[in-house]
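Asker: Next come the chains, spelled out residue by residue.
There are 2 protein chains.
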Amino acid sequence: MKILILGGDGFIGSHFVDQAVSLGHDVTVFDRFPYEVSMNLEHQRGKIRFISGEFANRDDLAKSLDGQDIVYHFICATNPAESWNDPFIEIEDNLRPSIKLFELAVSKRVKKIVFPSSGGTVYGPQYKPVDEKAVPIPLSPYGIVKLATEHFLLYFQEHSGIQMDIYRIGNPYGPRQPLKRAQGVIAVWMRDILRGLEIQVYGDQNTLRDYVYIKDVSYLMTHSLNSPASSGIYNLGSGAGTSIIRLLEIFQTVIDMPIKYRIHPKRQLDNTSIVLDSSKLVAHFPCFEFKRLEDKIFETWNYFKLPRPKLYRKLSVGKKGNLS
Amino acid sequence: MKILILGGDGFIGSHFVDQAVSLGHDVTVFDRFPYEVSMNLEHQRGKIRFISGEFANRDDLAKSLDGQDIVYHFICATNPAESWNDPFIEIEDNLRPSIKLFELAVSKRVKKIVFPSSGGTVYGPQYKPVDEKAVPIPLSPYGIVKLATEHFLLYFQEHSGIQMDIYRIGNPYGPRQPLKRAQGVIAVWMRDILRGLEIQVYGDQNTLRDYVYIKDVSYLMTHSLNSPASSGIYNLGSGAGTSIIRLLEIFQTVIDMPIKYRIHPKRQLDNTSIVLDSSKLVAHFPCFEFKRLEDKIFETWNYFKLPRPKLYRKLSVGKKGNLS
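Chains P and F are the protein sequences, given in the same order.
Per this note's numbering, the first sequence runs over residues 219 to 542.
Per this note's numbering, the second sequence runs over residues 219 to 542.
Next up, chain P with everything else stripped away, as it sits in the complex:
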């Protein structure tokens, strides 16, 4: 199948590229490549096509959509903390360009769009594991616009007949999570430990999150490749709630460096608790088991603490500004 992966050089996107390539699909990655190098997919060079473009540029996007069967849309310009005090960022940088993409995909006869939504923000405060039948009550601009984008996908399905899958992902973590962004507490803590800084712990025993290993996420998202002619909304979390205090204990067990920390009350933008019941999705993978958090925090730590291999060798750039 011909798959276009928008934001395919990023954290979730690049892991999904690895999955799609291993299944033998024809993969194109659309991303910014500001330094004309691939950050995360050097090892796929020669096996996939790279397109360097701007998501907001209609021509860049239109060209990349030609002849594609499925589009995975991993581009997200914000994180929940960034837009907490400025809702308009979400509308301008995420909602509008996503709707433009959906319109273009319809006009290019793409069969299906896959959208990673946010299990951690669309549901709002919940006090037990939620499945997809729960009423979403997003309380942050980030979650509101994720949910509105889901609804616009349902509209395009109704209006234009394009298929769509939506994955409401928990708190993904693992190798390649960007350390610069204030998103993903596991990556942020590891960054601060490596820098010798005190890590900041917001919340208590009741501040539960559903941490899910990135390779579990990317594997389960291959479901859309197996069912191109249907549509669905799926939770994608481990189903286990881990408190922020328990996470700190795991760090203290696993990390082989001294950990300084400070515990704060939860911030207003943090939901009290979110745990996702993903039975609907996992039912499609009878042999699948979620990885253990302790094991994969250890693996993630080993990734981050090693000096990065020389990933940044320049790739050659073709005539159209694309990597080859």
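For the record, the hints were derived by calculation from the structure and aren't laboratory data.
Every value quoted in this text rests on a predicted model; they were computed, and no experiment measured them.
Built from N, CA and C at the ideal position, the CB exists for glycine as well.
Hints are supplied without guarantee of correctness; some may be wrong.
Selected chain P positions facing chain F (in silico; Cβ < 10 Å) [unchecked claim]:
hint, residue
1, Pro359
2, Gln375
3, Thr471
Starting from the structure of chain P, add chain F where the hints point.
Answerer: Using the frame of chain P, we list chain F on its own:
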């Protein structure tokens, strides 16, 4: 209480003004007044304050918010049919200016915002009466943005502590419904009958709507004045489903003019069926009963078929472009 009513000269707004005045509140109406006259509130002259302004103009809006306790936000630039093929109209003309309003209201220390949402479009296809616990699945840009606006109100409540009430209104009808807009089948049919045109019937026995008389709507929305310090989401419909074919029969009984009609299959943008369970709201009004559809269609017809009284005498305009 000091109440600002945005779009107060319109259909729902002006009926609410009548309610608020009859309860003795201090009422200000903000609207466009493009002809420097009030379309629907001439009879309130001297009892209320008129402000002529543009909703998109931040200064106009800011001035009108000074010192207000509660804001009723009846301004809506679109209808479901208009934005069915152009989702961006909803984002530009409704979502963005509404968020601007909420930000301004917070900065002006308004205590509560009241927002009329759309029971007919936020829930999506439903096959039995829905209450407020149902999962909303809006399928039109109009409904998607109504729901996103609700969520942004919840966000401002969480983020800034402002109170809000949301009314998910069924299909309101009655005097003052604008005949020019393609919204409100009862008004549209009456207009076409008066013009001697064939009326267009989209749907069948299973195309149910929850028609609710405008004075029932405006009366029930006074609930927000009784509870300024709390917030809530309320359905506001009669709880009775009327098929489009039954509506045609009522017209044939009530209307004293010949009716030509043509029956079509339902349009894609029409949901199959929507009936609202409004028990949560009605519980606050123990003696309240919804008016009979047959009676109020008769009353509405009598309103529309009479020549309009001379409403259009020019009101004097003050220095700041306001009516006095």
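Asker: Does P/Pro359 meet its interface restraint, that is, does its C-beta lie within less than 10 Å of any C-beta in chain F?
Answerer: holds (6 Å)
Asker: Identify whether the interface hint at P/Thr471 stands, where standing means a beta carbon of chain F within less than 10 Å of its own.
Answerer: At about 35 Å, which exceeds the 10 Å cut-off, the nearest Cβ of chain F leaves the hint on P/Thr471 violated.
Asker: Hint validation: P/Gln375 versus chain F, beta carbon distance must be below 10 Å. Holds or violated?
Answerer: Cβ of P/Gln375 sits 9 Å from chain F, so the hint holds.
Of the numbered hints given earlier, the model fails hint 3 alone.
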